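Engineer: Sequence:
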Amino acid sequence: MLLTSKRNYSNQYLFLYTTKVIILKTKNMILVTGATGNLGKATIHSLLSRGIAPSDITALVRDEARSAELKSKGLQIKVGDYQDMESLKSAFQGVDKLLLISSSSDIHQRFEQHRNAINAAREKGVGHIVYTSFDMKNLQQSIMGEEVRYHAYTADYLKQIGTPYTLMNNTMYADMIPILSGKDILNKGIAIPAGDGKTPFLPITEMAETLAVVLTTPGHENKEYVIAAETAFSFAEIADMLSDITGKKITYHQPEVNAYIARLIQIGASEEDAAYIARFCVAIAKGEFDTNKSDVRRLLGRSPVSLKDFLKSIYSSLVEL
1 MLLTSKRNYS NQYLFLYTTK VIILKTKNMI LVTGATGNLG KATIHSLLSR
51 GIAPSDITAL VRDEARSAEL KSKGLQIKVG DYQDMESLKS AFQGVDKLLL
101 ISSSSDIHQR FEQHRNAINA AREKGVGHIV YTSFDMKNLQ QSIMGEEVRY
151 HAYTADYLKQ IGTPYTLMNN TMYADMIPIL SGKDILNKGI AIPAGDGKTP
201 FLPITEMAET LAVVLTTPGH ENKEYVIAAE TAFSFAEIAD MLSDITGKKI
251 TYHQPEVNAY IARLIQIGAS EEDAAYIARF CVAIAKGEFD TNKSDVRRLL
301 GRSPVSLKDF LKSIYSSLVE L
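Quick note on numbering: this note's numbering labels position 228 of the sequence shown as 228, and the sequence is numbered without any gaps.
I should point out that these hints are in silico values taken from the structure, not numbers from a laboratory. All values reported here derive from a predicted model rather than from experimental measurement. Please note that the accuracy of each hint is not assured.
Here are the in silico distance ranges between beta carbons for each label pair [what the hints assert, rightly or not]: (1) Asn119 - Gln141: 36 to 42 angstroms; (2) Pro164 - Gln140: 22 to 28 angstroms; (3) Arg50 - Thr251: 39 to 45 angstroms; (4) Pro255 - Pro218: 37 to 43 angstroms.
List time: in silico DSS-like cross-link candidates among lysine-lysine, alpha-carbon distance up to 25 angstroms [stated by the list, open to error]: (5) Lys137 - Lys248; (6) Lys308 - Lys249; (7) Lys248 - Lys312.
Yeah, the Cβ is synthetic: ideal placement off N, Cα and C, and Gly gets one too.
Model the full assembly from the supplied sequences, consistent with the hints where possible.
Structural biologist: Next comes the structure, spelled out in structure tokens:
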């Protein structure tokens, strides 16, 4: 009888131990690169909102001094640089899913940096790489040249290496509209060389939510999604929306590109940044962002936040001015 009892206790212990191991194995460690950037922080917020434990999220940062907010949330912090393979290998140890947010460094280094991250992830056995690419009609032939072409190079490389991937082709951030439009729109209107081109602007928070869905639900391996609003708008239409929101007629002007660059420099942008923003405007004018595709409803189970509602959240306070 005593032997039987011991055997039963032993079997019960083995069952509990085995169950614990199975539970541990079902957990997925998610690593978010660019974790202190706008999209990285928003994605981490979305992951936490979906009930992912902070201990199951690793934030990759270049400067640990900037990670205090992430540490306070209970996230694991790893320091790494896309140029430093050893730091990436160390950071990716034990990671199941990698969110590779595209680099913001020198344009000519970006593909090399992405390739470093992908190779390090493959070597460390990362099971799924989610990459934030760009949604345009043709990345290879865009007027923006190398400034967007590296996304195509990265996507092609991901498709070749054999590690399961998901491409998240993001449109332009709706959060960019105030930067593109200028500060004093009530008195000066919107002045931007974007012609009549339309863009399906989407807020960063919406993009982050789609990323969180892909990182936490099955069935996204080796797929490509367009993360954009369902409707594209021109800046003339945006001016009309802002007129409704503020109660004051907002005009839309189309300056020459060089004049636009000069104005950006005058209000504090560097020459390089001003020229970069202007090239986005020219791409908008040529309709390069108007792809008429969106997978947001498919991923979120709802329509994206409307552009007008988003603009209200930013500009409604101007009504009181």
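Engineer: If I claimed the Cβ atoms of arginine 50 and threonine 251 lie 39 to 45 angstroms apart, would that claim hold in this structure?
Structural biologist: 42 angstroms Cβ-Cβ, so the 39 to 45 angstroms window holds.
Engineer: Range hint 22 to 28 angstroms: satisfied by the CB atoms of proline 164 and glutamine 140?
Structural biologist: holds, 24 angstroms
Engineer: Kindly confirm whether 36 to 42 angstroms is satisfied by the beta carbon distance between asparagine 119 and glutamine 141.
Structural biologist: This hint is violated: roughly 28 angstroms between Cβ atoms.
Engineer: Could you tell me whether the CB distance from proline 255 to proline 218 stays inside 37 to 43 angstroms?
Structural biologist: Since the Cβ atoms of proline 255 and proline 218 sit about 49 angstroms apart, the hinted range of 37 to 43 angstroms is violated.
Engineer: What's the verdict on lysine 137 and lysine 248, does the C-alpha distance respect the 25 angstroms limit or exceed it?
Structural biologist: Given that 25 angstroms is the threshold and the Cα spacing comes to 35 angstroms, the pair is violated.
Engineer: Quickly compare the C-alpha distance for lysine 248 and lysine 312 to 25 angstroms and report which way the hint goes.
Structural biologist: Cα-Cα ~14 angstroms, so holds.
Engineer: Straight-line Cα separation of lysine 308 and lysine 249 no greater than 25 angstroms?
Structural biologist: Holds. Lysine 308 to lysine 249 sits at ~16 angstroms (cutoff 25 angstroms).
The earlier numbered hints that this structure contradicts are 1, 4 and 5.
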